[in-house]
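K.L.:
Taking the hints into account, I'd like the entire structure generated from these sequences.
If you want the building blocks of each chain, they are given just below.
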Amino acid sequence: MNALLSPADIDAIWLTLKLAFTVTVLLLILGTPLAWWLAHSRARWRGAINALVALPLILPPTVLGFYLLVAMGPNGPLGRLTAEVGLGALPFTFAGLVIGSLIYSLPFVVQPIRDAFIAIGPRPLEVAATLGARPIDAFFSVILPLARPGFLTATVLGFAHTVGEFGVVLMIGGNIPNETRVVAIQIYDHVEALEYTQAHWLAGGLLAFSFIVLLALHTLNDRQAKR
Amino acid sequence: MSHDGALHFDLALDLPQLSIQAAATLPPRGVTALFGPSGAGKTTLLRLIAGLESGGRGQIRLGDTTWQDTHTTRRLPTHRRELAYVFQEASLFAHLTVRDNLAFGLKRARSTAHTIRFDDAVAWLGVGHLLDRAPSHLSGGERQRVAIARALLAQPRLLLMDEPLSAVDADGRDAILDTLEQLPERLGIPIIYVSHSIEEIARLADHLLLLSAGRILAAGPTNEILTRCDLPLAHGAHAGAVLQARIVAHTPDEHLSRLAFDGGQLLISTLDRPVDSTVRLRIAARDIAIALSEPADSSVINHLQAIIVDLADDPNPAHCLVRLQVGEAVLLARITQHSRRRLALQPGMAVWALVKGVAVR
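These protein sequence lines are chains V and C, in that order. If you read the first sequence in our numbering, its first letter stands for residue 15, the second for the next number, and so on. If you read the second sequence in our numbering, its first letter stands for residue 259, the second for the next number, and so on.
Just so you know, the hints here were simulated from the structure itself, not pulled from any lab data. These numbers were taken from a predicted model, which means no experiment stands behind them. Do not rely on the hints blindly, as some may be mistaken.
Unchecked claim - Facing chain V, from chain C, some residues (calculated, C-beta under 8 Å): (1) Ala308; (2) Ser349; (3) Ala352; (4) Arg357; (5) Gly363; (6) Arg366; (7) Arg473.
To be verified - Chain V stretches covered by chain C per the calculated footprint, using a threshold of three residues with CB under 8 Å from any CB of chain C: (8) 137 to 145; (9) 156 to 168.
Backbone N, C-alpha and C define an ideal beta-carbon position, used for all residues, glycine too.
P.N.:
Now the structure itself:
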């Protein structure tokens, strides 16, 4: 009896974690200003941007993946840009996967943070200003700690959602070991090859992972609410 | 400890439902109450001064520091104006303990002089036993006490208070008012206190700014504004005068205290305060009767010689208002139109004011 997980499985798990971690960190950095803008802007096209951010929630992943593939292709706008700056082609690379996942998981990170900002309202910022805090100081000393539950939800959902991604990866990433072959793809391969035992271990692992993540999120948020 | 920082402002703001056009210069120390009906623009004016409202035009100057001047496009952001603001509802930072809330302003104080020390503010507001608590575990009154202490620790040169007691129950309100009465002397800075409670104003305000539909209707010392017959304050059920008085003597056998004020002396039931202490008196307009000669056979013990300054109709057609000069002080009396005709009262007449009741705060 060999190991429960083959070396290829382990590789897929590492790649998945690397992808999810990279995407989550990038989304937190890029998504926070966007969430702030969505929460506070009175611009007319705020509604359109809100809809655009929410689009990946309802769009079939294959549709999103198809358009990304076209955009990243040698004749697509993104593809031409990356060729121009000497980055080469994005499809079927880890970088391409990161870009795809950024868009795919965007609403799961931006929306909880945006809602947390809205719930906090303008008052704490005004109070901080009257006490002499510069806006950037007020953001880090007041807004961030008050929005902590929102950031926690955003982090967990963004990470878990990227881990579970399949359709977009298949369209723009394909199935290249150590580059684009994530756990979801690996499971698909096992099933195709009728390796149900292997598929069980990976699928069961993902199921347990998702449950534990959500349980931890609820426990943490409950504890925060009780303080 | 005070800088000579009189506040001068001349501001305009157009909102869909309200247009503000207000100019005033406030005395450099003491409480100026901003009074008016709801919707008059009191909070908006306060927010304009604090720089929290966008779109305002005009000038704001505190002492020799210009905070805002539309002509030179100078506009200091709120965090650079040396002010502190106590909001209407509790505004403590929920993620910080009381101690850390207090420290927040102290750490960022714009003046390095730190004339108000942490322990002083804590003692004045009586929040020492709350320091390690979370704001969610405080009562409404306790929260406002902490908010006021936090504002003081920001070392402001101007203190703005927007109906700080409106979310506090009656008992808590009374206790906080006692504390607030002590503040002007301790701080030596101008304080603007927004309120629509006559009682709070009578207790706290040295000056009054009357706001109506975004315009300043009248400004001046509290008693002058309270007793002016042409202003709405003289027409309300709680109309009356507010006077400063000094306790001259106690007469224990009669359970009375003798008070001296600008217009003479008054006898009232014994006050539990030492001789020579200063008290604020309220004499309601309905508690003053007028006689042409000093009555020898009346139960009223306080008779004051007065000159009628002004007579005006009251919204209630049965009543009229009489403004009385008593020595240096001014009192307001509400009598019936019937008596006014019967006694043929005219401005300039010398009369006796019979004071039936005095409230002490």
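K.L.:
All hints, please: hold or fail.
P.N.:
Evaluation of the provided hints:
no.	hint	verdict
1	Ala308	holds (6 Å)
2	Ser349	holds (5 Å)
3	Ala352	holds (7 Å)
4	Arg357	violated (15 Å)
5	Gly363	holds (4 Å)
6	Arg366	holds (4 Å)
7	Arg473	violated (26 Å)
8	137 to 145	holds (count 8)
9	156 to 168	holds (count 4)
When each numbered hint is compared with the structure, violations occur for hints 4, 7.
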